[in-house]
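2 protein chains.
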Amino acid sequence: MSDLAILKRRHALLGEKAPLFYEEPVHIVRGEGVWLYGPNDEKYLDGYNNVPTVGHCHPHVVDALAKQAGKLNVHTRYLNEEILNYGERLTATMDDSLSRAFFVCTGSEANELAIRIARCATGGMGIIGSDATYHGNTSTVMELATNRKMGGPKRKKSNVRSVPFPQMYRAPKGMSEGALAQAYAAEIQAAIDDFEKRGIKFAGMLVCPIFANEGLPDVPLGYFELMQQIVHGAGGVIIFDEVQSGFGRTGSMWGYENTGIVPDIVTMGKPMGNGHPLAGVVCRPELGDAFHAESTYFNTFGGNPVSCAVGNAVLDVLEQEQLVEQAAEVSAYLRSGLDLLKNDFDLIGDIRNNGMFFAVELVKNRKKKKASKKKPLRIVNMMKEKGVLISSIGADRNILKIRPPLPFTTDHADIVLEKLTECLIEVEG
Amino acid sequence: MSDLAILKRRHALLGEKAPLFYEEPVHIVRGEGVWLYGPNDEKYLDGYNNVPTVGHCHPHVVDALAKQAGKLNVHTRYLNEEILNYGERLTATMDDSLSRAFFVCTGSEANELAIRIARCATGGMGIIGSDATYHGNTSTVMELATNRKMGGPKRKKSNVRSVPFPQMYRAPKGMSEGALAQAYAAEIQAAIDDFEKRGIKFAGMLVCPIFANEGLPDVPLGYFELMQQIVHGAGGVIIFDEVQSGFGRTGSMWGYENTGIVPDIVTMGKPMGNGHPLAGVVCRPELGDAFHAESTYFNTFGGNPVSCAVGNAVLDVLEQEQLVEQAAEVSAYLRSGLDLLKNDFDLIGDIRNNGMFFAVELVKNRKKKKASKKKPLRIVNMMKEKGVLISSIGADRNILKIRPPLPFTTDHADIVLEKLTECLIEVEG
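Respectively, the protein sequence lines represent chains A and B. Heads up: the first sequence at position 409 corresponds to 399 in the numbering used here, and the numbers run straight through without jumps. Heads up: the second sequence at position 28 corresponds to 18 in the numbering used here, and the numbers run straight through without jumps.
In case anyone wonders, no lab produced these hints; they're calculated from the structure. Just to be clear, a hint being listed does not mean it is correct.
A short, non-exhaustive set of chain A residues, derived as facing chain B with CB atoms under 10 angstroms [as the list claims (entries may be wrong)]: (1) R(-1); (2) P9; (3) N39; (4) H46; (5) V51; (6) H65; (7) E71; (8) E99; (9) E102; (10) I105; (11) N127; (12) P295; (13) L379.
Glycine included, each C-beta is placed from N, C-alpha and C at the ideal position.
In isolation and in its complexed conformation, chain A is listed as follows (with noise of 0.2 angstroms):
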């Protein structure tokens, strides 16, 4: 069936709007590795995706989910050794105070939680997020979206505040780190002070500690500790959304080890089940009951003994074939290359990672930082001619994404960098 056949039936059952990645759509059957391939065998290096986080289609994950499948999934209101073999393991990765879990399906299943969660446990209900994040697709996560198109209460009526998050790169001249931590941090109190105006008791503050969807900025040194020093002195619990930088996507198991602090609450997704929809949250064990006092939770897929032998075979694979270490190794690799194309290319006003997750950030003009307006788009789409998929990000799409599976190695990365340096040479040229 040829592309055009297809996406007339996808508009048909799907909508005309149902979100779509390039011009011209790509058509995908068959993975492997960090490897997608079309009907007729196209091959793409794939940079995007951190879901299937230990490589497409791995077979101990799916030897994992078959034999469970084959054997028992039910609910947790059952005894099963599953989920605790799972989640003892799990939380063993985690700082000590990070000991109680729950199992849902999805990373905004994992957010409604935690947000419910810091309010039980606080008796507030004002939560503070970023003013260019994403954190899921129910309507009290969608409030708290700033960049997305979204029919929530108005702001000052509303239980969320958002704060600009923190970056260096467009931090004002002449100012210290350290001033600009505090330049930052000042905005939290700010968001607290305008809850206690209103009357709204204030509950917590969620973030991704790499600010993913803000565009993956340097945070200036201080930051988080400021964040904890005001949001726990003001009666708030720390959330941080780690469904994107979990499982060793910043070359440490947690995206959290590298901010300095340990947050009250993490919530986790997208990578936990390699595609298998696992999510959870786990935060201190004090939490937890504060929010079963208040409220009954019940998860009907969550917590399943197939979930979670999957998240115990992605946790194998990840000590396995030492996939932490290796972003971290490859990832340093990346981007020695991509620095060094931003000596040759103008366009390119900064470049940033957290391990395995790359942002190349495109501007008119590196002085004035004027995001780029049609490149980057048109580069994402010239990669995937050339038979790699990568995205673009920030409030501008003008960060270009790269994010692909950990079983990536050098020999990819060089692929990546081969391909982005024809695309660069074309736009500029």
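Here the structure of chain A is known, so what remains is to put chain B in place on it, guided by the hints.
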């Protein structure tokens, strides 16, 4: 490992209040067809689980899952035929007007999305639910719940209203069925009037078409038609939550087929993937378009090729094993047996069923119809000891819930009847 040791680990990881069934929880390690097994091969007839609807660990479903998981598991922003093959087949089982599909992972996500679609399409915020319902665990759908501990806003100020669920059993004496339908319908009109009075534009009504969580009441004839007239007349849409009533449970493919009306939006989940986290929303295309015009919606795992292959395999089994037809036949058989039991035991106040979903309402006194307080729970626990898993339901939890996987035969029904008779003799003796 002993159950006590498992329970201790569970309390540490999930919290002491993480929900568990039965006074002494059941330890389950294996499932097959309508049977569940403990670690020492203790055998339980599953009279409860509607999620593994085509039978625990059905080999055809497991094969489809494993095969597609080994081939491709990726999000829906690339072209892929799996989602179309499944979605077209799924919507073909429904009224022609219901042709637009959204795929998500859980019933909560489906109801969340349905409410967002209703609100976008109507421009209103006001949603009406029943007064003994449960539609999921996100903040927005929790607002509709009345019988769960929750920390939502107060009703008067909020965007939701509850109306009494319709029922014949506790209807005022001497009232005709038609008058009763009118009386319940008048409550819907009153809720809409209250919205109007408070300046809240009406969006729609969200109910389960068999009122499953309300205790499966017999609904007075004409109620649904009146609901439709009133809701549509006020510019709202009707959302049927078919998370429990869909996929053949009622002896028809969809619960709405027995209501006399076609809803504007249908949500589905639990049995859809036989335990795989798969859920969806199907609606009139113009509602989907209105939503897309207002809002971007993307669900990372929703509609991935593995979920769609699983969904397709469930439809295969429903068709090949004629399970919908079997549900109609076996339910008639079980119903007859239960009706005979009612002759013998005054404790049984009312028996209701909708296909393979049974409600056996236990009362202190048939005339006064007061809920039996302790006996229902005792019987549920006794049935478990006798090797049959059932549960209880309703605001007073006084209604025995029998809702087995659909491969249930008359032989299995006989076991339920035999064990239930024993229990009734014991508690009444």
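Hint check:
1. The interface hint given for R(-1) of chain A holds, since its Cβ lies 5 angstroms from the closest Cβ of chain B, which is under the 10 angstroms cut-off.
2. Interface hint at P9 of chain A: satisfied, since its Cβ lies 5 angstroms from the closest Cβ of chain B, which is below the 10 angstroms cut-off.
3. With its C-beta approaching chain B no nearer than about 7 angstroms, N39 of chain A sits inside the 10 angstroms limit, and its interface hint holds.
4. For H46 of chain A, the interface hint holds, since its Cβ comes within 10 angstroms of a Cβ in chain B; the closest pair sits about 7 angstroms apart.
5. Proximity of V51 of chain A to chain B holds as hinted, the smallest CB-CB distance being about 8 angstroms (cut-off 10 angstroms).
6. For H65 of chain A, the interface hint holds, the least distance from its beta-carbon to any beta-carbon of chain B being 7 angstroms, beneath 10 angstroms.
7. This hint holds: E71 of chain A has a C-beta 6 angstroms from the nearest C-beta of chain B, less than the 10 angstroms allowed.
8. A distance limit of 10 angstroms between C-beta atoms decides the matter here; for E99 of chain A the minimum to chain B is near 7 angstroms, and the interface restraint holds.
9. Because the smallest distance between the Cβ of E102 of chain A and any Cβ of chain B comes to about 5 angstroms, under 10 angstroms, the interface hint for this residue holds.
10. Given the 10 angstroms rule on beta carbons, the hint for I105 of chain A holds: about 7 angstroms separates it from the nearest Cβ of chain B.
11. Interface hint status for N127 of chain A: upheld, as the beta-carbon distance to the closest one in chain B is roughly 6 angstroms, under 10 angstroms.
12. Because the closest C-beta pair between P295 of chain A and chain B is about 9 angstroms apart, less than 10 angstroms, the hint holds.
13. Interface hint at L379 of chain A: satisfied, since its Cβ lies 9 angstroms from the closest Cβ of chain B, which is below the 10 angstroms cut-off.
When held up to the earlier numbered hints, the structure conflicts with none and fits them all.
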